[in-house]
Amino acid sequence: MNMAWKEMKKSKAKFIILGSIIFLVSFLTFIISGLANGLSQDNAALIKDLPKGHFYMNTEAKKTYNLSKIDPNLQDQTMKEHKNAAAFSIQMGFVNDAEDKQHTVAFVTSTDSPLFENVGPGEIVLDRSLEKDGIKIGDVLTNNQFSGEFKVVKFMDQKKYSHAPVAFINMDNYKEIYRTNEMQLMFIPGQDKAASITGLDSFSNNEFLNTISSYKAENMSLNMIIWFLIAISGMLFAIFFYMMNVQKIGLYGILKAIGVKTGTLFRMMWTQMILITLIALVISVALSQVFNMIAPEGMPFSLTLNATILLSVLFLVIGFVGATLSGLQIRKVEPLQAIQQGDM
Amino acid sequence: MTTFTIQDVTKTFTNGEVTEQVLNGINLSLHEGELTALVGASGSGKSTLLTIAAGLQRASDGKVQFDGNNMTAMTQEEIRKIRASKFGFVFQSAHLVPFLTVEDQLMLMLDVAESTMNKREQKEEVAKVLKLVEMDHRKHAFPSSLSGGEKQRVAIARAIIHKPKILFADEPTASLDSKRSKDVMTLIRDLTKTLHITTLMVTHDEEMLSYADRIITMKDGLIG
Numbered sequence: 001m002n003m004a005w006k007e008m009k010k011s012k013a014k015f016i017i018l019g020s021i022i023f024l025v026s027f028l029t030f031i032i033s034g035l036a037n038g039l040s041q042d043n044a045a046l047i048k049d050l051p052k053g054h055f056y057m058n059t060e061a062k063k064t065y066n067l068s069k070i071d072p073n074l075q076d077q078t079m080k081e082h083k084n085a086a087a088f089s090i091q092m093g094f095v096n097d098a099e100d101k102q103h104t105v106a107f108v109t110s111t112d113s114p115l116f117e118n119v120g121p122g123e124i125v126l127d128r129s130l131e132k133d134g135i136k137i138g139d140v141l142t143n144n145q146f147s148g149e150f151k152v153v154k155f156m157d158q159k160k161y162s163h164a165p166v167a168f169i170n171m172d173n174y175k176e177i178y179r180t181n182e183m184q185l186m187f188i189p190g191q192d193k194a195a196s197i198t199g200l201d202s203f204s205n206n207e208f209l210n211t212i213s214s215y216k217a218e219n220m221s222l223n224m225i226i227w228f229l230i231a232i233s234g235m236l237f238a239i240f241f242y243m244m245n246v247q248k249i250g251l252y253g254i255l256k257a258i259g260v261k262t263g264t265l266f267r268m269m270w271t272q273m274i275l276i277t278l279i280a281l282v283i284s285v286a287l288s289q290v291f292n293m294i295a296p297e298g299m300p301f302s303l304t305l306n307a308t309i310l311l312s313v314l315f316l317v318i319g320f321v322g323a324t325l326s327g328l329q330i331r332k333v334e335p336l337q338a339i340q341q342g343d344m
Numbered sequence: 001m002t003t004f005t006i007q008d009v010t011k012t013f014t015n016g017e018v019t020e021q022v023l024n025g026i027n028l029s030l031h032e033g034e035l036t037a038l039v040g041a042s043g044s045g046k047s048t049l050l051t052i053a054a055g056l057q058r059a060s061d062g063k064v065q066f067d068g069n070n071m072t073a074m075t076q077e078e079i080r081k082i083r084a085s086k087f088g089f090v091f092q093s094a095h096l097v098p099f100l101t102v103e104d105q106l107m108l109m110l111d112v113a114e115s116t117m118n119k120r121e122q123k124e125e126v127a128k129v130l131k132l133v134e135m136d137h138r139k140h141a142f143p144s145s146l147s148g149g150e151k152q153r154v155a156i157a158r159a160i161i162h163k164p165k166i167l168f169a170d171e172p173t174a175s176l177d178s179k180r181s182k183d184v185m186t187l188i189r190d191l192t193k194t195l196h197i198t199t200l201m202v203t204h205d206e207e208m209l210s211y212a213d214r215i216i217t218m219k220d221g222l223i224g
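Top line first, the protein sequences correspond to chains A and P.
Position 15 of the first sequence, counted from 1, bears residue number 15 in full-length UniProt numbering, the numbering being contiguous throughout.
Position 89 of the second sequence, counted from 1, bears residue number 89 in full-length UniProt numbering, the numbering being contiguous throughout.
Only chain A is shown next, with the shape it has when bound in the complex:
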């Protein structure tokens, strides 16, 4: 007999209240997770979309990539040893369109590696968000530090860095704008273990992302909120089932006296917890997808299937742990005590 479902049907209000709270908490978690992921994409899609590998910057930069200057000889030697390596630089800057309107961009140098755009001198490849600002292929852009002009040859999706659209330019053009012959970074893809290169520090993709101060600060705060919400949902389950179990101690005692197994009582509680969580999660996921569609244009929101599944599983696990901890009192219930009490 499904006692769990029968109790939920009889005590609808009680379970709807718990379900509503779990729904609100999980919905808020999905929204914040979508925003966190959206912001991190907006901040570092250029790096996040690269394959697994290692970044290198010079030791004196002390983990600050824009202070890094890799010796050209060391760079050439490393490039010879690692054929798929790419040396590049990232610098914030701006371009002016034909109407002299300024657009902030993150200049990234072109490389021969297929992982980065290969751009000829005087050409520029832009993130597609600039297309929405009215820039078209064939347009001519300028920069006050650059003597020539940039011709827009291509738009690319999801190439953002530090909340700015990326602009891939030729390495020679970059050297002219920033008056430097040294690249800031090298990237060697596909390494499980970083190569030891004298004078250079190595960073995995994640370690490198965390050297970007804005990325680390944003993600830490939002992830902290997400974890708090998950912990709160676990506590809600623990408190709710604790209160319910306290009310039902007498009933559990009688059920045990007539021969109901303790495991049956636990299964009843777990079934209720799983049903409530699943219903709350289905509504939360559906509404967060609706939010994804109607979110304002400028709001970076990206809730991936992986994040949705991970958070849903976490909610179920935390709910299970919370309910089980509060249910430990069921084991201690003595039938005799219940019999000596009055009616439930």
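Simulated from the structure, these hints should not be mistaken for lab results.
Virtual Cβ for every residue (Gly too), placed ideally from N, Cα, C.
One or more of the hints may lead you astray.
As the list claims (entries may be wrong) - The calculated lysine-lysine pairs, modelled on BS3-like cross-linking and capped at a C-alpha distance of 30 Å, are:
hint, chain 1, residue 1, chain 2, residue 2
1, P, Lys123, P, Lys81
2, P, Lys179, A, Lys261
3, P, Lys119, A, Lys261
4, A, Lys80, A, Lys69
5, A, Lys9, P, Lys128
6, A, Lys10, P, Lys123
7, P, Lys86, P, Lys123
8, A, Lys62, A, Lys175
9, P, Lys131, A, Lys9
10, P, Lys128, A, Lys10
11, P, Lys86, A, Lys332
12, A, Lys9, P, Lys123
13, P, Lys139, A, Lys10
14, P, Lys165, A, Lys261
15, P, Lys163, A, Lys6
16, A, Lys261, P, Lys81
17, A, Lys261, P, Lys128
18, P, Lys128, A, Lys6
19, A, Lys6, P, Lys123
As the list claims (entries may be wrong) - A short list of chain A residues far from chain P (calculated; beta carbon distances all over 10 Å):
hint, residue
20, Ser40
21, Ala194
22, Glu218
23, Ile239
We have chain A already, so just place chain P on it with the hints.
Just chain P, lined up with the frame of chain A:
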């Protein structure tokens, strides 16, 4: 035929440095189709004896034998199985499950007793037993809508639905008025006879003793 025997059972409770001997060597045999009433003043040990006999607590010493098996040597799980399939319980309060209908209360008991009947047969059995206790017209009612007497009738139906060998009744009429008490006692006595159940009942209501086949008086932890 004797189905249940209690031999030299003692029970001692220890609370800190205070030790209290509640049962002082009880010997008792229960017989099939017989309603045995345990009477005595408060603190005489009658409820303690009933709960030890029912496997709800263990004796400090002595033996409880049921169907030739020594219950005192059994594990908790073995005792639980006996409680679920061979014993029936009626308590002072009905103690019905508040979110189950009258019919579901009985279906639950069949599940607990691991009945081999299919669902249709179970429903037919439930209908038969509810008719026996004259509660068939309230099978879809929840406990909150039943009167005290009706609740106790359902509790009795739950106690006998799985055809127990022994029915333990702890002050089954204590929460009922005089008329309902008589109805409930008539029912327990009739079921004991027609279903050949062994019934052990604790009561302090002398009016109810007229329904018993045998009256055992307890005093200071001993059968008087």
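Structure-based check of all given hints:
1. P:Lys123 to P:Lys81: holds, 23 Å
2. P:Lys179 to A:Lys261: violated, 36 Å
3. P:Lys119 to A:Lys261: holds, 21 Å
4. A:Lys80 to A:Lys69: With Cα atoms ~19 Å apart, A:Lys80 and A:Lys69 stay inside 30 Å; holds.
5. A:Lys9 to P:Lys128: With Cα atoms ~27 Å apart, A:Lys9 and P:Lys128 stay inside 30 Å; holds.
6. A:Lys10 to P:Lys123: holds, 21 Å
7. P:Lys86 to P:Lys123: holds, 20 Å
8. A:Lys62 to A:Lys175: holds, 23 Å
9. P:Lys131 to A:Lys9: Status holds; Cα separation ~27 Å.
10. P:Lys128 to A:Lys10: holds, 26 Å
11. P:Lys86 to A:Lys332: holds, 24 Å
12. A:Lys9 to P:Lys123: holds, 21 Å
13. P:Lys139 to A:Lys10: holds, 16 Å
14. P:Lys165 to A:Lys261: Holds, at roughly 20 Å.
15. P:Lys163 to A:Lys6: Holds. P:Lys163 to A:Lys6 sits at ~25 Å (cutoff 30 Å).
16. A:Lys261 to P:Lys81: It holds: about 9 Å lies between the C-alpha atoms, which stays within 30 Å.
17. A:Lys261 to P:Lys128: holds, 27 Å
18. P:Lys128 to A:Lys6: This hinted pair holds, its Cα atoms lying about 23 Å apart.
19. A:Lys6 to P:Lys123: Roughly 17 Å between the alpha carbons, so the hint for A:Lys6 and P:Lys123 holds.
20. Ser40: The assertion about A:Ser40 holds, with a minimum of 47 Å to chain P.
21. Ala194: holds, 58 Å
22. Glu218: holds, 48 Å
23. Ile239: holds, 21 Å
The structure fails to meet hint 2 from the earlier list, while all remaining hints are met.
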